[in-house]
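Chemist: Now for the letters of each chain:
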Amino acid sequence: EPEVTQTPSHQVTQMGQEVILRCVPISNHLYFYWYRQILGQKVEFLVSFYNNEISEKSEIFDDQFSVERPDGSNFTLKIRSTKLEDSAMYFCASSPRVGMNTEAFFGQGTRLTVV
Amino acid sequence: AQSVTQLGSHVSVSEGALVLLRCNYSSSVPPYLFWYVQYPNQGLQLLLKYTTGATLVKGINGFEAEFKKSETSFHLTKPSAHMSDAAEYFCAVRDDKIIFGKGTRLHILP
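Each protein sequence line maps, in turn, to chains A and B. In this text, residue positions in the first sequence follow the numbering used here: the first is 1, and each later residue adds one. In this text, residue positions in the second sequence follow the numbering used here: the first is 1, and each later residue adds one.
Calculated from the structure, these hints are not laboratory results. Check the hints yourself; a few may be wrong.
Over 10 Å on every C-beta distance to chain B, these chain A residues come out as not near it, computed from the model [unchecked claim]:
hint, residue
1, P2
2, T7
3, P8
4, Q14
5, K42
6, V43
7, S48
8, L84
9, V98
10, T102
11, E103
12, G107
13, V114
In silico DSS-like pairs for lysine-lysine, Cα to Cα no more than 27 Å straight-line [to be verified]:
hint, chain 1, residue 1, chain 2, residue 2
14, A, K57, B, K49
15, B, K58, A, K78
16, B, K69, B, K102
17, A, K78, B, K49
18, B, K69, A, K42
19, B, K69, A, K83
20, B, K102, A, K57
21, A, K42, B, K68
22, B, K102, B, K49
23, B, K102, A, K42
Computed beta-carbon distance windows for the label pairs [unchecked claim]:
hint, chain 1, residue 1, chain 2, residue 2, range
24, B, T77, A, P70, 17 to 23 Å
25, B, G16, A, P70, 46 to 52 Å
26, B, H82, A, D62, 26 to 32 Å
27, B, L56, A, T76, 17 to 23 Å
28, A, S9, B, T55, 34 to 40 Å
29, B, A1, A, T76, 25 to 31 Å
30, A, V115, B, S9, 27 to 33 Å
31, A, T5, B, K69, 34 to 40 Å
Using N, Cα and C, we set each Cβ at its ideal position, and we do this for glycine too.
Let the hints inform the model, and build the full structure from the sequences given.
Modeler: Right under this line is the structure:
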């Protein structure tokens, strides 16, 4: 069964460093998302991406963050100059279309720890 | 804006007992609703979804949910809890993106 894959599963980085979280969405999907879950808290929307551009972003997604689809398969989230409060689980998701009755398929997540 | 509210951040039930996880939604248009489950140290897995049609929706692992427009609710139930059901459950509503509730952690007591 097709699935969204994320790498790495766990990333430890020093405060101030840049990290890139990688995702391979399901191959025929067109819409891509990043979500964040701080430990013990809700899953929060960060950004959605379609047709090689951001379609929507939350207030969390400031200039520190960027997304890119560098080739036909990968979808990346870059966090510049990481802060302690960026420590969270980051989920990538994809969906074949953006219709209201379409669920998003989530990856297993990348646990980012900023020290 | 659409939103969901989950009542109870923690719910404990005995093995074999009824599971009831509550979710209420707020939407100005007919909602599309989902329940996701997150097992420890794992990602988010879709349990079930309501789009249109039958208001009682059956999902995986014996779970079901009923859409009640009059009560703006979409509560998740399972007749008999199993130890393997221990997880975090998220109610969600679909906008241009999926919007999650705060989650309910289900504990199963032996």
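Chemist: Going back to the hint list, which numbers does this structure go against?
Modeler: 5, 6, 7, 9, 10, 11, 12, 15, 17, 19, 24, 26, 27
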